[in-house]
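Protein sequence lines correspond, in order, to chains V and F. Just so you know, we're using this note's numbering here: the first sequence kicks off at 70 and counts up by one. Just so you know, we're using this note's numbering here: the second sequence kicks off at 70 and counts up by one.
A few of these clues could be false.
It does not matter which identical chain is meant; a pair holds if it fits inside one copy or across any two.
Straight-line alpha carbon distances no greater than 20 angstroms define the calculated EDC-like cross-link-like pairs of lysine to aspartate or glutamate that follow [to be verified]:
id	residue 1	residue 2
1	Lys137	Glu123
2	Lys137	Asp223
3	Lys212	Asp223
4	Lys208	Asp140
If you're looking for bench data, these hints aren't it; they were derived computationally from the structure.
Number of protein chains: 2
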Amino acid sequence: MKAGALELGHASKVTSSVPKSGVNRGMSILDLFIRIIAIIATLGSAIAMGTTNETLPFFTQSIRFRAKYNDLPTFTFFVVANAIVSAYLILSLGLSIFHIMRSRAQASRIALIFFDAAMLALLTAGASAAAAIVYLAHKGNTKANWFPICQQFDSFCHRTSGSLVGSFAGVILIILLVLLSSIALSRR
Amino acid sequence: MKAGALELGHASKVTSSVPKSGVNRGMSILDLFIRIIAIIATLGSAIAMGTTNETLPFFTQSIRFRAKYNDLPTFTFFVVANAIVSAYLILSLGLSIFHIMRSRAQASRIALIFFDAAMLALLTAGASAAAAIVYLAHKGNTKANWFPICQQFDSFCHRTSGSLVGSFAGVILIILLVLLSSIALSRR
Chain V
70 MKAGALELGH ASKVTSSVPK SGVNRGMSIL DLFIRIIAII ATLGSAIAMG
120 TTNETLPFFT QSIRFRAKYN DLPTFTFFVV ANAIVSAYLI LSLGLSIFHI
170 MRSRAQASRI ALIFFDAAML ALLTAGASAA AAIVYLAHKG NTKANWFPIC
220 QQFDSFCHRT SGSLVGSFAG VILIILLVLL SSIALSRR
Chain F
70 MKAGALELGH ASKVTSSVPK SGVNRGMSIL DLFIRIIAII ATLGSAIAMG
120 TTNETLPFFT QSIRFRAKYN DLPTFTFFVV ANAIVSAYLI LSLGLSIFHI
170 MRSRAQASRI ALIFFDAAML ALLTAGASAA AAIVYLAHKG NTKANWFPIC
220 QQFDSFCHRT SGSLVGSFAG VILIILLVLL SSIALSRR
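Sequences are here, hints too, so could you generate the full structure?
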């Protein structure tokens with residue numbers, strides 16, 4: 070009778086823990102999937118910006134009609150930030166796979182949330198600093214006597230604007246990663 | 070004998086749970102404390118930038134020698150972002166106090182981590198976009214024919230540069246808040 074009750078208790082424990090760890094595993098797989106998309110987005114952004122280079126077919130006065138991403142230090146920062154974040158995301162795949170196998174891991178999830186948040190800040194900093202400069206290149210600013218350069222460097226402006234998209238997509242994906250990790254942390 | 074063992078078990082449970090909830094309460098109080106500092110930092114940044122206004126004592130040609138924060142749209146975004154984040158932080162004080170009283174709360178902690186991460190992104194975006202413009206105002210960019218404006222608007226530049234400090238301090242504090250919340254979530 071007693072042994073039966075114990076067995077029953079044990080059995081009910083097993084059945085209640087199986088779906089929980091199943092959901093946790095599912096979230097860990099989703100985490101891995103989002104990380105891979107974020108790597109593609111940030112790496113794509115870094116490469117798109119890093120290879121931006123436009124030479125105009127004419128040449129007048131003292132102005133050099135050539136535009137490269139590293140003419141503007143902010144764009145260099147953008148490339149570096151995106152490269153660092155995608156390198157971090159590639160390294161974090163290891164922990165993400167570890168969480169699929171061991172869904173009860175805690176310390177590694179806390180570390181992941183902390184570094185995800187730090188990388189979120191770095192990526193957002195790079196993306197929005199570049200966005201501020203792209204906005205200025207399009208609109209200019211009459212008060213500060215900064216003229217828009219996008220009339221001359223049309224393809225340069227298109228390329229730099231486009232490369233922001235992947236970076237901002239990466240920002241949203243990393244916020245989702247933080248949410249997923251915190252849900253997984255609460256469901257041990 | 071059996072009752073004694075049960076009591077003993079109960080007693081050991083109580084003693085082991087008291088320090089845990091005590092540490093959790095301590096972390097919740099630290100969370101409240103960091104939030105208050107972050108409110109002061111972001112609100113201070115918003116006010117410092119929002120009241121920036123310099124009129125030069127001379128007037129020549131067609132150029133108006135007056136600089137205000139909203140001459141540059143990026144600085145307006147900076148003020149709005151800081152104001153939204155500080156308003157959110159003030160509202161989140163309620164949840165933070167709730168967590169001091171009920172340290173085992175889970176769903177509200179997950180919500181807090183998610184919104185903290187989103188606000189982290191917003192604050193970083195505002196701060197680094199403004200930083201990109203402040204950098205440009207100091208150094209200019211010869212390739213784009215954007216000249217530095219800080220020689221003329223010295224006090225304007227000092228004020229805007231200074232107001233970035235509180236905002237970046239806020240970024241670091243919010244990363245700490247995310248870390249604290251995730252640790253609290255793992256220690257139920």
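Here's how the hints hold up against the structure:
In this assembly of identical chains, Lys137 and Glu123 lie within 20 angstroms of each other by CA distance solely inside one copy; the values are 6 angstroms within and 35 angstroms between copies. Only within a single protomer do Lys137 and Asp223 lie at most 20 angstroms apart by alpha-carbon distance; the minimum there is 12 angstroms, versus 30 angstroms between protomers. In this assembly of identical chains, Lys212 and Asp223 lie within 20 angstroms of each other by CA distance solely across copies; the values are 15 angstroms between and 23 angstroms within a copy. For the homomeric pair Lys208 and Asp140, the shortest alpha-carbon distances inside one copy (18 angstroms) and between copies (13 angstroms) are both at most 20 angstroms.
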